[in-house]
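Once you have looked at the hints, place chain B on chain A.
Chains A and B, in that order, give the protein sequences. Start counting the first sequence at 7; every next residue gets the next number (our numbering). Start counting the second sequence at 4; every next residue gets the next number (our numbering).
Please keep in mind that the hints were generated in silico from the structure rather than gathered at the bench. Source: prediction; values computed, not measured. Think of the CB as a built atom: it goes at the ideal place given N, C-alpha and C, for glycine as much as any other residue. There may be inaccurate statements among the hints.
Computed list of chain A residues with no C-beta within reach of chain B, every gap over 12 Å [said to hold, decoys possible]:
(1) V35
(2) K74
(3) Q75
(4) G78
(5) C79
(6) R141
Capping the alpha-carbon separation at 20 Å, the derived lysine-lysine pairs in PhoX-like fashion look like this [as the list claims (entries may be wrong)]:
(7) K31/B / K72/A
(8) K31/B / K74/A
(9) K72/A / K16/A
Simulated restraints, written as ranges between beta carbons of each label pair [as the list claims (entries may be wrong)]:
(10) L121/A / E55/B: 15 to 21 Å
(11) M4/B / E9/A: 41 to 47 Å
(12) H53/B / K72/A: 42 to 48 Å
Listed below, chain by chain, are the residues.
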Amino acid sequence: MIEVRLSAVKGTRPHEYLIRFLFGGSATVLAGLLAQRFGPGIGGLFLAFPAIFPATATLLEAHEKKRKQRMGCDGTVRGRMAASIDAAGAALGSIGLCTFAAVLWRQLPGHNAALVIAGAAVVWTLVSCAGWEVRKNRMFGLRRPRRTGAGG
Amino acid sequence: MMDLVIRFLVGGAVVSVFAMLGDVLRPKSFAGLFSAAPSIALATVTLTIHKEGKVYAAHDAASMLLGAVAFIFYAAAASFVLRRCRMSALAAASVLMPVWLGVALGLWAIFGGRG
Numbered sequence: 007m008i009e010v011r012l013s014a015v016k017g018t019r020p021h022e023y024l025i026r027f028l029f030g031g032s033a034t035v036l037a038g039l040l041a042q043r044f045g046p047g048i049g050g051l052f053l054a055f056p057a058i059f060p061a062t063a064t065l066l067e068a069h070e071k072k073r074k075q076r077m078g079c080d081g082t083v084r085g086r087m088a089a090s091i092d093a094a095g096a097a098l099g100s101i102g103l104c105t106f107a108a109v110l111w112r113q114l115p116g117h118n119a120a121l122v123i124a125g126a127a128v129v130w131t132l133v134s135c136a137g138w139e140v141r142k143n144r145m146f147g148l149r150r151p152r153r154t155g156a157g158g
Numbered sequence: 004m005m006d007l008v009i010r011f012l013v014g015g016a017v018v019s020v021f022a023m024l025g026d027v028l029r030p031k032s033f034a035g036l037f038s039a040a041p042s043i044a045l046a047t048v049t050l051t052i053h054k055e056g057k058v059y060a061a062h063d064a065a066s067m068l069l070g071a072v073a074f075i076f077y078a079a080a081a082s083f084v085l086r087r088c089r090m091s092a093l094a095a096a097s098v099l100m101p102v103w104l105g106v107a108l109g110l111w112a113i114f115g116g117r118g
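This is chain A alone, in the form it adopts within the complex (with noise of 0.2 Å):
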């Protein structure tokens, strides 16, 4: 089941919000001078850049470490299993991040651009959002209860 926890926000440090920030802005600038200098075909690699991961992963990281040693437990190994859950979860979205990318490539030339990014977002959404379904339900599907037929 998946659910929005806004108390997450309040567990976020300013310096923490201020790191992906850079983070984001600096990949923004660098795709756009790679583009400048090599032109489009090296520039638009950088457009699938992973900028959010490697600071999402850390923070991820730490506060679930943080949130076990509160507990009495060290953490060390949870917070990595944390961050490889992010990271299973940011393959998939990569595979979502595939069809943006052909979206874009085959229908920005001949229509509107704006209703073109929209639609590529909503594609992003929806192959990203299946491929975790799929995932999810490879992984727990057996593990359902079975009914035990005692209804007859």
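Same frame as chain A, now just chain B:
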């Protein structure tokens, strides 16, 4: 110069919004999807279309497709390394960055001229 400042501000803002979405969503595997959100592309494509036109932006997107394939390898490798090796998330994410770059440039060398 102004163009770079705008890119920095827009890119930073879009990446921060997606990162925040990843923070508040559970389970973690679902939140992880947002680590591969098209944040840089969303920040950049509009500016590129405005400045260079739609055809140029479509060429950008063709290369982005190759970068996204490289991202799949990178994220899968990061997940594997974090699960199997005693390496921190920052170390794994940094050490594996050449995997992303190598796969992306390799794919571009093979398919780059065909977009």
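Query raised in the report: Using the C-beta atoms of H53/B and K72/A, is the stated range 42 to 48 Å upheld?
Result: holds, 43 Å
Query raised in the report: Between K31/B and K74/A, is the straight-line Cα distance small enough, at 20 Å or below?
Result: holds, 16 Å
Query - Exclusion check [G78/A not at the chain B interface, CB over 12 Å] - result: About 22 Å separates G78/A from the closest Cβ of chain B, which puts it past 12 Å; holds.
Query - Interface-negative label, C79/A against chain B, beta-carbon threshold 12 Å - result: Correct as stated: the minimum Cβ-Cβ distance to chain B is 17 Å, above 12 Å.
Query raised in the report: Within a Cα-Cα threshold of 20 Å, do K31/B and K72/A meet the stated pairing?
Result: holds, 16 Å
Requested in this report: With 15 to 21 Å as the target window, see if L121/A and E55/B comply at their CB atoms.
Outcome: holds, 19 Å
**Report entry** No chain B beta carbon within 12 Å of Q75/A's
**Finding:** Holds, because the least Cβ-Cβ distance between Q75/A and chain B comes to about 15 Å, which exceeds 12 Å.
Query raised in the report: Is it true that the C-beta distance of M4/B to E9/A lies inside 41 to 47 Å, as the hint says?
Result: holds, 44 Å
**Report entry** Agreement of K72/A and K16/A with the hint, judged by alpha carbon distance not exceeding 20 Å
**Finding:** holds, 15 Å
Query raised in the report: Regarding the assertion that V35/A does not contact chain B, is the least Cβ-Cβ distance greater than 12 Å?
Result: Violated, because the least Cβ-Cβ distance between V35/A and chain B comes to about 5 Å, which does not exceed 12 Å.
Query raised in the report: K74/A: least C-beta distance to chain B exceeds 12 Å?
Result: holds, 14 Å
Query - No chain B beta carbon within 12 Å of R141/A's - result: violated, 7 Å
Violation of the numbered hints given earlier is confined to hints 1, 6; the remaining hints are satisfied by the structure.
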